[in-house]
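**Student:** For the protein sequence lines, the chains are A and B, in the order given.
Each residue of the first sequence is one higher than the last, beginning at 1246 in our numbering.
Each residue of the second sequence is one higher than the last, beginning at -10 in our numbering.
FYI, nobody ran anything at the bench for these hints, they're computed from the structure.
C-beta: ideal position from N, C-alpha, C; glycine also.
Among the hints, a few may not be true.
Listed below are several chain A residues computed to face chain B (Cβ distance under 7 Å; list not exhaustive) [to be verified]: (1) P1284; (2) L1288; (3) F1350; (4) G1351; (5) Q1352.
Below, simulated DSS-like cross-link-like pairs (lysine-lysine); rule was C-alpha separation at most 30 Å, straight line [to be verified]: (6) B:K47 with B:K66; (7) B:K88 with A:K1252; (8) B:K88 with A:K1310.
Here is how the chains run, residue by residue.
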Amino acid sequence: SAVISQKPSRDICQRGTSLTIQCQVDSQVTMMFWYRQQPGQSLTLIATANQGSEATYESGFVIDKFPISRPNLTFSTLTVSNMSPEDSSIYLCSVDVGQGGEAFFGQGTRLTVV
Amino acid sequence: AQSVAQPEDQVNVAEGNPLTVKCTYSVSGNPYLFWYVQYPNRGLQFLLKYITGDNLVKGSYGFEAEFNKSQTSFHLKKPSALVSDSALYFCAVRDNWGKLQFGAGTQVVVTP
Chain A
1246 SAVISQKPSR DICQRGTSLT IQCQVDSQVT MMFWYRQQPG QSLTLIATAN
1296 QGSEATYESG FVIDKFPISR PNLTFSTLTV SNMSPEDSSI YLCSVDVGQG
1346 GEAFFGQGTR LTVV
Chain B
-10 AQSVAQPEDQ VNVAEGNPLT VKCTYSVSGN PYLFWYVQYP NRGLQFLLKY
40 ITGDNLVKGS YGFEAEFNKS QTSFHLKKPS ALVSDSALYF CAVRDNWGKL
90 QFGAGTQVVV TP
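Please build the complete structure, drawing on both the sequences and the hints.
**Tutor:** Set out below in structure tokens:
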């Protein structure tokens, strides 16, 4: 298993500003994932973050809006840039233990943009 | 493309009664199926998974799920629901690139 610490747990931000979310894992992992959960919706994968390479973004998500860092095998950050009210969501980081293994999630960051 | 469907937005059940949350899947090849639960203001917690083997999978908190290949279903069950089981439940499947595809989620409401 993996224990994931994510912070902040929640924040209220002004439109036009940026917020960086941190994700710390208690063990070394190859891939980390960032998801968005809009109000009342399911999880949507934003990007996959591999250590030592640029993140791979899913359709509809771009690096300028959601820059990701992955400086080592236990840590990643997601920045939500130039925020608008439409960015109000829960953002979750996740790690995976392989194709047949389950994923583990941080507790999420509830972001409200006003 | 791999996908999962959860046909019910909400399931209401009285405490002590059996609970079933439905999930159907569409995959090419052998499916890797998962159930997660999300409590308010929390991340997702893993409940159980099906990779191979017995069709009846037992997981955390007394939950189990039955894999049915002919009906392409993976329904989550609990023989006797508790009020504390009230939460949002997600079914998920791994796609061919190893990514998890989540269902829309089913809100479970257990009344005393």
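**Student:** Of the numbered hints stated previously, which ones are contradicted by the structure, given in increasing order?
**Tutor:** Result: hint 1 breaks, nothing else.
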